[in-house]
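If you read the sequences in order, they're chains P and B. Per our numbering: the first sequence = residues 1 to 205. Per our numbering: the second sequence = residues 1001 to 1205.
Derived by calculation from the structure, the hints in this document are not laboratory data. Please note: incorrect hints may appear among the correct ones.
[To be verified] Pulled from the structure, derived: some chain B residues nowhere near chain P, Cβ distances all over 10 angstroms: (1) N1040; (2) D1076; (3) A1078; (4) R1081; (5) D1105; (6) V1111; (7) A1119; (8) A1126; (9) A1128; (10) C1133; (11) D1136; (12) G1153; (13) L1154; (14) G1157; (15) A1173; (16) Q1196.
[To be verified] So the derived label-pair ranges between C-beta atoms look like this: (17) R35(P) <-> P1161(B): 24 to 32 angstroms; (18) D54(P) <-> D1049(B): 40 to 48 angstroms; (19) H160(P) <-> V1155(B): 50 to 58 angstroms; (20) P1023(B) <-> D54(P): 47 to 55 angstroms; (21) A179(P) <-> P1023(B): 19 to 27 angstroms; (22) E1108(B) <-> G58(P): 17 to 25 angstroms; (23) G1184(B) <-> A156(P): 28 to 36 angstroms; (24) A128(P) <-> R1026(B): 21 to 29 angstroms.
Please read all numbers here as calculations on a predicted model, not as lab measurements. C-beta atoms are modelled at their ideal positions from N, C-alpha and C, and glycine is treated no differently.
Number of protein chains: 2
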Amino acid sequence: MPAVGDRYDGPVSRSDPTDQRDPAERNPWRRVSRRVAYENPWIQVLHDDVIRPDGSAGIYGVVHFRHIAIGVVPLDEAGDRVLLVGQYRYALERYSWEIPEGGGDFGEEPVLAAQRELAEETGYAAEAWRELCRADLSNSVADELAILFVATGLVAGEAHPEGTEQLQTRWVAFDEAMAMIRGGEITDAMSILALQVLALERAAP
Amino acid sequence: MPAVGDRYDGPVSRSDPTDQRDPAERNPWRRVSRRVAYENPWIQVLHDDVIRPDGSAGIYGVVHFRHIAIGVVPLDEAGDRVLLVGQYRYALERYSWEIPEGGGDFGEEPVLAAQRELAEETGYAAEAWRELCRADLSNSVADELAILFVATGLVAGEAHPEGTEQLQTRWVAFDEAMAMIRGGEITDAMSILALQVLALERAAP
């Protein structure tokens, strides 16, 4: 892994003359150089000099995420209530109620990361897991991928939050969670995405 | 605005002894120092030394976004079709079909930014605008806020994309757009969030 200030030693451009895709969908950017501008255990910021689609010189700052964002909707036996987690979000500088979330390693089965994060944050294990949705959270500058699950057949246990986490948990009715989205009380994109997938399934004839 | 490498001159900690909120919802982090680690016209990366909620020393890298992320679902007169925009996403290194999106300035009315971005990317103006949803897109490290709209009463005009944009547009049936989400062809979080809100409204009795 290159250090901060190093020239990035990866491919300088992904443009490929043998590319068989629709020309309109090929990469219209050309990367001239790349360096690592900042990194920590969670993100790496890459500063690129580029030729833009219109042929002019420019720059692009890419935020590379070192983990996959994993989210889980824990749903009770009757399917009537979901378990939310409350925590102070340092980046937002305010408190946020969300579904349990955490980071998964690349190369790790996403569902295993989901099981670990649910257990750490809430103590719950679950008998059944189903993937709901994948999403690119912030694709104008970042490559962060979210993978979202629903967990049912919950079995209570003891939570083991990390040192960065000071959490509250709270069961709410599914319809109340949806009202919290409409009312602006739940604003976390991963939580809204996952709950809306379930709400659409429930609304289907 | 501080330069890269400068010590950040903002508040060192937001903890406030007169804070009247539920103690469980107060900021459990203490910021020891902050510096600007990277910046460009779109993002600023702040590196903080912190005391974590468990009392141990740590760091936090915050990606501050200099614009609000604005998204628009352009819906045709019958409410049957939506206009999608295709573009190569540099951060993802692949092509992506999405709703029209762009950046709004803080202090600018979000709907005015939405009107400008829709016109730039597609040429369309719209008679009616309605906000669908606000979301924090990536709150583990970033403060990026998305504001999503639906636009109806569309009037065609001429597109004026920026030099960073090489776009295709395509009308698809609303139900086809929802199938593209389920099938993993639409993966952009803002697009999924906005289309889900509309789909839930359409499914309501």
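Verification of the hints:
no., hint, result
1, N1040, "5 angstroms, violated"
2, D1076, "21 angstroms, holds"
3, A1078, "21 angstroms, holds"
4, R1081, "19 angstroms, holds"
5, D1105, "15 angstroms, holds"
6, V1111, "17 angstroms, holds"
7, A1119, "19 angstroms, holds"
8, A1126, "22 angstroms, holds"
9, A1128, "20 angstroms, holds"
10, C1133, "7 angstroms, violated"
11, D1136, "5 angstroms, violated"
12, G1153, "24 angstroms, holds"
13, L1154, "23 angstroms, holds"
14, G1157, "21 angstroms, holds"
15, A1173, "16 angstroms, holds"
16, Q1196, "4 angstroms, violated"
17, R35(P) <-> P1161(B): 24 to 32 angstroms, "28 angstroms, holds"
18, D54(P) <-> D1049(B): 40 to 48 angstroms, "41 angstroms, holds"
19, H160(P) <-> V1155(B): 50 to 58 angstroms, "57 angstroms, holds"
20, P1023(B) <-> D54(P): 47 to 55 angstroms, "54 angstroms, holds"
21, A179(P) <-> P1023(B): 19 to 27 angstroms, "26 angstroms, holds"
22, E1108(B) <-> G58(P): 17 to 25 angstroms, "23 angstroms, holds"
23, G1184(B) <-> A156(P): 28 to 36 angstroms, "34 angstroms, holds"
24, A128(P) <-> R1026(B): 21 to 29 angstroms, "37 angstroms, violated"
Of the hints listed earlier, those the structure fails to meet are numbers 1, 10, 11, 16, 24, in rising order.
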